[in-house]
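There are 2 protein chains.
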Amino acid sequence: MTVTSTARSFRTIADGSVTSARGFRAGALAAGIKASGKPDLGIWTADCECVAAGTFTPNKFPAAPVILSRARLAASDSRAQAVVFNAGNANACNGQQGLADAQEMSRLTADQLGISPDLVMVASTGIIGVPMPMDRIRQGIPRLVLRPDAGHDAARAIMTTDTKPKECAVALEIGGREVRIGAMTKGVGMIHPNMATMLAFIGTDANLDKAFARTTLKRVVDRTFNMITVDGDTSTNDSCFLLANGLSGAPTLEASSADAERFAEALEAVCTDLARQMAADGEGASKLLEVNVTGAASDADARAAARAVVGSSLVKAALHGEDPNWGRVFAAVGNSTAQVDASRAALWIGSVQVARDGIGTGVAKDAARAQMRGATVQVRVDLGLGDSSARAWGCDLTEAYVVENSAYST
Amino acid sequence: MTVTSTARSFRTIADGSVTSARGFRAGALAAGIKASGKPDLGIWTADCECVAAGTFTPNKFPAAPVILSRARLAASDSRAQAVVFNAGNANACNGQQGLADAQEMSRLTADQLGISPDLVMVASTGIIGVPMPMDRIRQGIPRLVLRPDAGHDAARAIMTTDTKPKECAVALEIGGREVRIGAMTKGVGMIHPNMATMLAFIGTDANLDKAFARTTLKRVVDRTFNMITVDGDTSTNDSCFLLANGLSGAPTLEASSADAERFAEALEAVCTDLARQMAADGEGASKLLEVNVTGAASDADARAAARAVVGSSLVKAALHGEDPNWGRVFAAVGNSTAQVDASRAALWIGSVQVARDGIGTGVAKDAARAQMRGATVQVRVDLGLGDSSARAWGCDLTEAYVVENSAYST
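Just so you know, the sequences run in chain order A and B. Residue 94 in this note's numbering sits at position 94 of the first sequence; the count goes up by one each step and never skips. Residue 331 in this note's numbering sits at position 331 of the second sequence; the count goes up by one each step and never skips.
Hints are not guaranteed to be accurate.
Since the list can't tell identical chains apart, any single copy or any two copies may satisfy a pair.
Subject to a maximum C-alpha distance of 30 Å in a straight line, what follows is the list of computed DSS-like cross-link-like pairs (lysine-lysine) [to be verified]: (1) Lys60 x Lys34; (2) Lys210 x Lys38; (3) Lys38 x Lys164; (4) Lys34 x Lys164; (5) Lys34 x Lys365; (6) Lys38 x Lys365; (7) Lys38 x Lys218; (8) Lys60 x Lys210; (9) Lys365 x Lys60; (10) Lys164 x Lys218; (11) Lys210 x Lys34; (12) Lys164 x Lys210; (13) Lys365 x Lys218.
Honestly, the hints are just simulated from the structure, not real lab data. Values in this document were obtained by computation on a predicted structure and should not be read as measured data.
Excised from the complex, chain A in its bound form (with noise of 0.2 Å):
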């Protein structure tokens, strides 16, 4: 999707939670999965039946509540109505007693929300290969309690090493009734392109044809959740949910209408906040990047380049150091697989460009130096070859990463 309007047809909702549209309830409590005692376990649950869209993981050991989800989207022809999820095990690399604790979890939210357990889905963050406590678990659910006042609540659940939870809400006109987005993120390790969320949730009281749902929910992940990357480690349960459950009485947006792209648009702000967000909070990063790659010759260039360097070790960690090493930047698109000839590639970083036809300006260091002293830091790649371009999230490399990272299981 290209955003073509100049004036942007949704606002923010301020303090918006994944509770902001209509007809959206969650719930969240400390159930004593976290060894740190916070808040980990929690349900997200529409007022009625949703058509429904998600987006998985492409890692080939996919933890048990990625294969029950997906199978359930699959099978119930996208409709869905809640979500259970818990933070500080991943129920990943558990075999047959995974799947059989994913689907428990499932009935049991089925029971709590008096609902059929095939709209239930299932979403879980933390170690990799340690049993659900599930005692703990079927002791939690029942004392959940659901309200729409609750949002930020949840997003404070399925945090595990975020510093801050991630939330962001829009609203919008569709024929005359105001339709609301909200949804949460969490982070903040383990993140790379190929469905980079670990999890998000969004819900809307818009009414979307459920094709509609799926191809546009698709399309933003893959310009901004997609765009991001922590460490270049793709995670065995990212999922992203989408509930729509039509409470706004809004008409049904199908594709190529005027206000299904109005639509989609305010849903990319939605996703691109939260990547931002997720960026900047990568594991022990200071600093969030925003590289921009224009002049692609294609599209599939411009996210190879725009990934190569907010994936660079070397980039994130001269960024980190404020250090303006540009030429690092050049190897990284060189490394990608984004057609580049080197005689054409210009680069900027912040307002300052730094190198013109493959080689450098010859600007002071401290020019360039001084583009990278704030919170977010602006890098601009033109490979000079055609009109293709996109952007991509990232964050610095710093020995907070590595510290945090050393002794994560133990």
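Fit chain B to the known structure of chain A by using the hints.
Relative to chain A, chain B alone:
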């Protein structure tokens, strides 16, 4: 190449170097390219014209020396005699001036040696995008004194962030004559599969058929230098040169002979030894990681899976913390292009099996952790799908890597 002989038919030469084979000389000095004042310029040459082969970086921003050397090897029909090399400046992203500088380096070297510039290769390593300090090169090359016993000096002059020189030499008998292979490499950042060496120089006094030299070097590099990773970044300058001067007087080796196989086996042993030295000396590394993948459905799958594990930031960080968080190994394999059946995969850390049929064996964490204490940690993944296997080498991700790379150019 599969090493099928149970007894090795070669012997290691103690204190070996790139001049261990007959008829090779080297020289190095501090020309002032490195700010540290350490040795940074040298020549490695044979006493006569050689059969030569080279492998080079696939990076699309190849440095000027790579462009020049690759073109010369193609034009000379696999003949070369010398390599001029420097550290401290990569001569990459320097445009036409960079190419002119690399050509001048080869001319100065040819003058010094009294040979044609067409027989001189160039290899540079260091920072990207900074013009070569040609005044220092012009002053330095004529001062180089070339001696058969200066191999160790050469190995020091190609170091950048390496903490120690990397050298290896072996001898074997071919047709009643002793044949030697001597080599040196440098690492140790920007190292990743696909010509991972940064710089490698291999000299032998064997007589090699030129086609055999090319195919054997490529095969061995694919199984050794291309199977190590330090940080996932492939440099603009990676180059590997093989010079065979024939001065042993041994018969010419061509493909498909038993002697040729034995030579290839010895060459692979040299390159494996150097690959391990490079991985162990990865920037900031404190541990060498050796990953064996067995039971893969194809050789390509085995290679992809093994490289994914040594390339995973989360695996590398866990290794640093001696944390047997084996789920990260499966997650890395699951992100590779390798065919995987999650229910068949098995995993060992050292001699302790931590997973079977895709799930944990329940072995005590301390038992697994004990296998991670040493300077070398072995991990084996059996995919349970076929007969193919591969080996890859990497290192842990440490705070020191971040510190080292946060301010390299400054």
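Numbers of the earlier hints that this structure fails to satisfy, in rising order: 2, 7, 11, 12, 13
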